[in-house]
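With the sequences and hints as input, model every part of the structure.
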Amino acid sequence: DSGVTQTPKHLITATGQRVTLRCSPRSGDLSVYWYQQSLDQGLQFLIQYYNGEERAKGNILERFSAQQFPDLHSELNLSSLELGDSALYFCASSGTALSSYNEQFFGPGTRLTVL
Amino acid sequence: DAKTTQPNSMESNEEEPVHLPCNHSTISGTDYIHWYRQLPSQGPEYVIHGLTSNVNNRMASLAIAEDRKSSTLILHRATLRDAAVYYCILFRRSGNTPLVFGKGTRLSVIA
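For the protein sequence lines, the chains are A and B, in the order given. Just so it is clear: in the first sequence, position 101 is 160 by this note's numbering, and no numbers are missing. Just so it is clear: in the second sequence, position 41 is 58 by this note's numbering, and no numbers are missing.
Take these hints with a grain of salt, some might be off.
Simulated pairs of lysine-lysine, DSS-like, Cα-Cα distance not exceeding 30 Å [claimed, not checked]:
no., chain 1, residue 1, chain 2, residue 2
1, B, Lys86, B, Lys20
2, B, Lys120, B, Lys20
3, A, Lys116, B, Lys120
4, B, Lys20, A, Lys116
Simulated from the structure, these hints should not be mistaken for laboratory data.
See below:
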C-alpha cells in the first residue's frame, strides 16, 4: 500500500459526459501528479500540483482540468468525454521539497470506460 | 525534446542477472534518470534514480554511461516477482517534474 488513495476504482460513463476523479496523497506529501495510461499510448504525464499551485503541465487536453485543495487532495475533471479517453488514470504524490530526490508514490488508479 | 528508448520486451531466467537498457541521447545536463516498474494490475513503483554516478539500492543497481546518453538498470538476481514493465523516465531537476516516459520494457522471468 503506497498510502495514496484514489476514488472511484472504476467509472463507466457515456460520451459527452463529465466525470471527476479524486486523489488523496500520502500524509505530508505536497506534490500531486496525474497520469493517463492507455494501451496505445503508454504512461503519460498530465499535470503536477505543488501545495495547491499548478507546477507543470504535460500532455493534458484542454477538456481536462485539475486542482489541488487546501487539504492537499486533488481532483481531475474530464469533460466532453470521448471514447479515446478510456484509460487508467493514476495519481501520484511526492515529498515536501521540489527536488528530484523525491520518489513518487502511485495510487491504485481509476479505470475510466467511456461508452 | 527529451526522449527515451527502451526495448519492448526482455526475458530472463529466475536467479539470473538482468540488464535493462535505456537510451536517452537527448538528455540535458540537469535531468535525472529515474526507473519505475509496474507490476500487473498495480500502479508504478519507484526503483532507483541517478544523475551521473552509478547507484545501488536494495532493489537494483543503476549504471549510467559517462556521456549520460544511456543507462542500464541491473537486477542482480531476477525473481518471479520482478516480472513487470520497467519504465526509464527523465525528470527535470528543479521541481521534480517528469519530462519523458519511455514505453517501458516488459520483463518476463522464467522459473
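Numbers of the earlier hints that this structure fails to satisfy, in rising order: none
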